[in-house]
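S.K.: Sequence lines, in order, name chains A and B. Position one of the first sequence corresponds to residue 3 (our numbering), numbered consecutively onward. Position one of the second sequence corresponds to residue 21 (our numbering), numbered consecutively onward.
If you are wondering where the hints come from, they were derived from the structure by calculation, not from laboratory data. Honestly, I wouldn't trust all of these hints.
Stated by the list, open to error - Computed from the model, here is a short list of chain B residues facing chain A with C-beta under 8 Å:
no.	residue
1	Gly47
2	Leu66
3	Leu67
4	Tyr69
5	Gly72
6	Ile73
7	Gly107
8	Glu121
9	Gly125
To be verified - Not everything, but these chain A residues come out facing chain B in the computed CB check (under 8 Å):
no.	residue
10	Pro42
11	Leu46
12	Glu71
13	Ser74
14	Phe91
15	Pro107
Backbone N, C-alpha and C fix where the C-beta goes; we use that ideal spot for every residue, glycine too.
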Amino acid sequence: GNSVTQMEGPVTLSEEAFLTINCTYTATGYPSLFWYVQYPGEGLQLLLKATKADDKGSNKGFEATYRKETTSFHLEKGSVQVSDSAVYFCALSGDNYGQNFVFGPGTRLSVLP
Amino acid sequence: SQTIHQWPATLVQPVGSPLSLECTVEGTSNPNLYWYRQAAGRGLQLLFYSVGIGQISSEVPQNLSASRPQDRQFILSSKKLLLSDSGFYLCAWSVWGMDTEAFFGQGTRLTVV
C-alpha cells in the first residue's frame, strides 16, 4: 500500500538557519503530495502541495519539489524564524475512490532565537 | 467558503463511559469525511473515512465506531472508553478529485481517566 517516510526529528535550528526535512513516498499511480503544519494544540493546516512530477509547491518561504525519479518531496526553507516552530507532516493522496490521505509520522521543528 | 466545525475541543472522560464527538462541514456538498487519531508525540492514524451518507470504512479494528447520518455530519462514538483511547482526534474533509487537499478541524483532546 501507499506509505510516507519522513525524518522524525526533533529538529532544532537557530533563527535564520536553512531547513530541510526529508520526505520519501511509496505509491501506486500518480499521487498528489502535500506538506501540512501543526501548531501546538491545533489541527493541521495545508502548507503547500504539488500534484504532478516536477511541480514545485511554495508558501511562506517554504518550498518542495515533486521528484518522481527519487519518489521524494523534501521541504526546504532558506531562513527559518521562531514562528516556524511546529510539527510538519508530509502526506500523499492516492488515486483510489476513497481519496485516502496517508501521512508521515511528523517532524517536530524548534527554532531558537 | 467552506468551514469545518469539530467539538468539543477538550474532553475528560472516565474509563467505561460512552463517547460522542461531532464534526460538521459547511459550504460544500458530498464531501469525503475522515476521522484521524494522533497519539501523544506521534503521527496521524486514519480511523474511519466516508464517501457518502451511511458509507463508513474502518481502517483499524478498535473500540470506536463512526456514523454519517447526514451529508455533512460525521460522528465518532464509543460505547465504553478505554485508557488507550486517549489522544487528539481530528476530523477532516476533502472533495472528490485527484489534486485536492484535506481540510482539518481544530481537533478534540480526549483524556480517558
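S.K.: Indicate, hint by hint, whether the structure satisfies it.
M.R.: Now for the hints, and whether the structure bears them out:
1. Gly47: At 16 Å from the nearest chain A Cβ, glycine 47 of chain B fails the 8 Å test, so the hint is violated.
2. Leu66: Interface hint status for leucine 66 of chain B: holds (7 Å vs cutoff 8 Å).
3. Leu67: violated, 12 Å
4. Tyr69: At about 6 Å, which falls below the 8 Å cut-off, the nearest Cβ of chain A leaves the hint on tyrosine 69 of chain B intact, so it holds.
5. Gly72: violated, 11 Å
6. Ile73: violated, 15 Å
7. Gly107: With a minimum Cβ separation of about 13 Å from chain A (threshold 8 Å), the hint on glycine 107 of chain B is violated.
8. Glu121: holds, 5 Å
9. Gly125: holds, 5 Å
10. Pro42: violated, 11 Å
11. Leu46: Result: holds, 4 Å to nearest chain B Cβ.
12. Glu71: violated, 20 Å
13. Ser74: With Cβ-Cβ at 18 Å, over 8 Å, it is violated.
14. Phe91: Hint on phenylalanine 91 of chain A: holds, closest Cβ of chain B at ~7 Å, below 8 Å.
15. Pro107: holds, 4 Å
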